[in-house]
Amino acid sequence: MDWLLHPESTGQKFTLMIIAILLFVVVMGVILFGIDRIKRAPVWLIVTAFLGPTLLFVAFGLVYPGIRTIRTSFYNAKGTAFVGFDNYVKAFTDDQFQTVLRNTVLWVVIVPIAATFIGLVYAVLIDRTRFESFAKTLIFLPMAISLVGASIIWKFVYEFRPDIGNIQQIGLLNQLLVWLGLPPQQFLLNQPWNTLFLIAVMVWIQAGFAMTVLSAAIKAIPDDIVEAARLDGLHGIGMFRFITVPSIRPALIVVITTIAMATLKVFDIVRTMTGGNFNTSVVAYEFYTQSFRAQNAGIGAALAVILFVLVIPIVVYNVRQLRLAEEIR
Amino acid sequence: MTVIPPTSLIDEDEGPVRAAPRKLSRTEQRALAAKGRLSSPWASGLAIIIAILWTVPTFGLFVTSFRPRSEIRTSGWWTLPFNWEVTLDNYQQALFGSSTSLSTYFVNSIVITLPAVVIPISLALLAAYAFAWVDFKGRGILFVAIFALQVVPIQITLIPLLSQYVQWGLAGSFWVVWLSHSIFALPLAIYLLHNFMKEIPASLVEAARVDGAGHVKIFFQVLLPLLTPAIASFAIFQFLWVWNDLLVALVFVGGTPDVAPLTVRVAELSGTRGTAWQLLSAGAFIALAVPLVVFLALQRFFVRGLLAGSVKG
Numbered sequence: 001m002d003w004l005l006h007p008e009s010t011g012q013k014f015t016l017m018i019i020a021i022l023l024f025v026v027v028m029g030v031i032l033f034g035i036d037r038i039k040r041a042p043v044w045l046i047v048t049a050f051l052g053p054t055l056l057f058v059a060f061g062l063v064y065p066g067i068r069t070i071r072t073s074f075y076n077a078k079g080t081a082f083v084g085f086d087n088y089v090k091a092f093t094d095d096q097f098q099t100v101l102r103n104t105v106l107w108v109v110i111v112p113i114a115a116t117f118i119g120l121v122y123a124v125l126i127d128r129t130r131f132e133s134f135a136k137t138l139i140f141l142p143m144a145i146s147l148v149g150a151s152i153i154w155k156f157v158y159e160f161r162p163d164i165g166n167i168q169q170i171g172l173l174n175q176l177l178v179w180l181g182l183p184p185q186q187f188l189l190n191q192p193w194n195t196l197f198l199i200a201v202m203v204w205i206q207a208g209f210a211m212t213v214l215s216a217a218i219k220a221i222p223d224d225i226v227e228a229a230r231l232d233g234l235h236g237i238g239m240f241r242f243i244t245v246p247s248i249r250p251a252l253i254v255v256i257t258t259i260a261m262a263t264l265k266v267f268d269i270v271r272t273m274t275g276g277n278f279n280t281s282v283v284a285y286e287f288y289t290q291s292f293r294a295q296n297a298g299i300g301a302a303l304a305v306i307l308f309v310l311v312i313p314i315v316v317y318n319v320r321q322l323r324l325a326e327e328i329r
Numbered sequence: 001m002t003v004i005p006p007t008s009l010i011d012e013d014e015g016p017v018r019a020a021p022r023k024l025s026r027t028e029q030r031a032l033a034a035k036g037r038l039s040s041p042w043a044s045g046l047a048i049i050i051a052i053l054w055t056v057p058t059f060g061l062f063v064t065s066f067r068p069r070s071e072i073r074t075s076g077w078w079t080l081p082f083n084w085e086v087t088l089d090n091y092q093q094a095l096f097g098s099s100t101s102l103s104t105y106f107v108n109s110i111v112i113t114l115p116a117v118v119i120p121i122s123l124a125l126l127a128a129y130a131f132a133w134v135d136f137k138g139r140g141i142l143f144v145a146i147f148a149l150q151v152v153p154i155q156i157t158l159i160p161l162l163s164q165y166v167q168w169g170l171a172g173s174f175w176v177v178w179l180s181h182s183i184f185a186l187p188l189a190i191y192l193l194h195n196f197m198k199e200i201p202a203s204l205v206e207a208a209r210v211d212g213a214g215h216v217k218i219f220f221q222v223l224l225p226l227l228t229p230a231i232a233s234f235a236i237f238q239f240l241w242v243w244n245d246l247l248v249a250l251v252f253v254g255g256t257p258d259v260a261p262l263t264v265r266v267a268e269l270s271g272t273r274g275t276a277w278q279l280l281s282a283g284a285f286i287a288l289a290v291p292l293v294v295f296l297a298l299q300r301f302f303v304r305g306l307l308a309g310s311v312k313g
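Chains A and B, in that order, give the protein sequences.
Quick note on the numbering used here: the first sequence kicks off at 1 and runs consecutively.
Quick note on the numbering used here: the second sequence kicks off at 1 and runs consecutively.
A few of these clues could be false.
Claimed, not checked - With a Cα cut of at most 30 Å, we get these calculated DSS-like pairs of lysine-lysine:
| # | chain 1 | residue 1 | chain 2 | residue 2 |
| --- | --- | --- | --- | --- |
| 1 | A | Lys90 | A | Lys78 |
| 2 | B | Lys137 | A | Lys39 |
| 3 | A | Lys39 | B | Lys217 |
| 4 | B | Lys198 | A | Lys219 |
| 5 | A | Lys39 | B | Lys198 |
Treat the hints as calculated values from the structure; they're not laboratory data.
This one's a predicted model, so the numbers in the text were calculated from it and none came from an experiment.
Same shape as in the complex, but just chain A:
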């Protein structure tokens, strides 16, 4: 029965998949119908049946590992000796990690602002035009693509060929430079600009999300406000600045914070495009290399905890804004 653990052929894999789903359905079915058969089941039994499996999963997979990682972050690389805050001190003072932190800050500041700005402008421009839904789909599509796929798409755009003899550029961006009479660039190698070219990929992905949410918010602006503003002579940029933006402020904040959180955890883009070389690494990627490549569990855990701590204020702010928005509504 080894194939239940390590299936090899396609048939075995699909069989295993179906078995897994069925097994799950049967277990859940037994629990539910068992509960149903008991007349006047006490509340605690019902709660256990409905909530028990979830709590078990969450406690095993989120709470317990989280606590263990926090503990590991105070131990040395092998996890044998307590070292206090050494890992954190190292993470904040080492040259190597300073670059990582600087890059992370760049990502978390630039991506949300740029993606939200582009998404907002685009949403306003196409609002209630004939091609609206088509235009939206175009911008939105990158959301469906994996970060790995997006990285490959952009790596090809940045592709560099040395400028000698009659070698043709095959990357679009370098070809544009050549057409403009400029020398081609190694976009992913030249520091410190390479980080910006990685950031562009994330902006490209997240703008669609910003556009969708903001577009819905724009449509929700009451008609009389828009009309009144128009009667008062507001048009174009004035309308955008004084009516659109203030009216959708809560949505803007939600979008910015959500993108910031997603950006903080970005790992795939750095790994696929540069492998963290040429000073492009970020905290989420450094966590991976320290934990699974350098076998330095202490630093890896400390970086994960730093990630966790950095997310908290963004989430708290986000939730508070959501609450406020709901109250006003």
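For chain A, the structure is supplied; the task is to place chain B on it using the hints.
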């Protein structure tokens, strides 16, 4: 929600004037105004530039995936019209060539994704039901706790989970991938489905209860049919998330050809054969095809889910 600058406060006297006889409906007016805005050449120009920037990179790689290897290496994809040579060899080679064999990984991706969508949704539905419609002590605190767990970045859980799986001898199997994806999806799934469930009028549930329906019956016969759109929108999210995931698969199964999904293999190719664009372009589109189709077909539900505040990072 709305902050109105003083300039927009309507003068009372203007009311009747505005309500003069012939009037376009408000939506018509706004459509007209929007048209006026877009007919400004700057605005439409800007919109078109953004749209082009957002589509050309993908289009370029797509075109490349159909060009023969020798052509890809010597000229840009934009020269295709002057130099018409297309082939399906790249896909043939990427899918079945012995050095890439993406077809195997394609199967792995499907096998990973389906249970990783079904399991968390079912669990979350039950949990959301308990939170929404069963009155028990500590319900509020427990719900907030689950809600708060959304904050936990999965990175923080990976190492302890991995060592646990290794201890059980399960590391590198489908089972741990399913389990991990399910766990990571639960907090958000419960939160979202709970919100949708709360929107169902309590009188429906009460009526069923008076008729003598138990929890199981209420759950399946009253609530589930009403929740289908909500379930669909979360299912799409989870599907895209699992199919596109790299980190979880990389940590728990590494590069094992029998389990690793497409993303892991394609990312690996990008590292080891970074200049083999005939493989990379075809490989990328093999990985993109399924999520793109799902996304385009079910965009409506996806947008609905997005607007319900469901975004996972």
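Hint by hint, here is what the structure shows:
no.: 1; hint: A/Lys90 to A/Lys78; in the structure: 16 Å, holds
no.: 2; hint: B/Lys137 to A/Lys39; in the structure: 21 Å, holds
no.: 3; hint: A/Lys39 to B/Lys217; in the structure: 13 Å, holds
no.: 4; hint: B/Lys198 to A/Lys219; in the structure: 25 Å, holds
no.: 5; hint: A/Lys39 to B/Lys198; in the structure: 26 Å, holds
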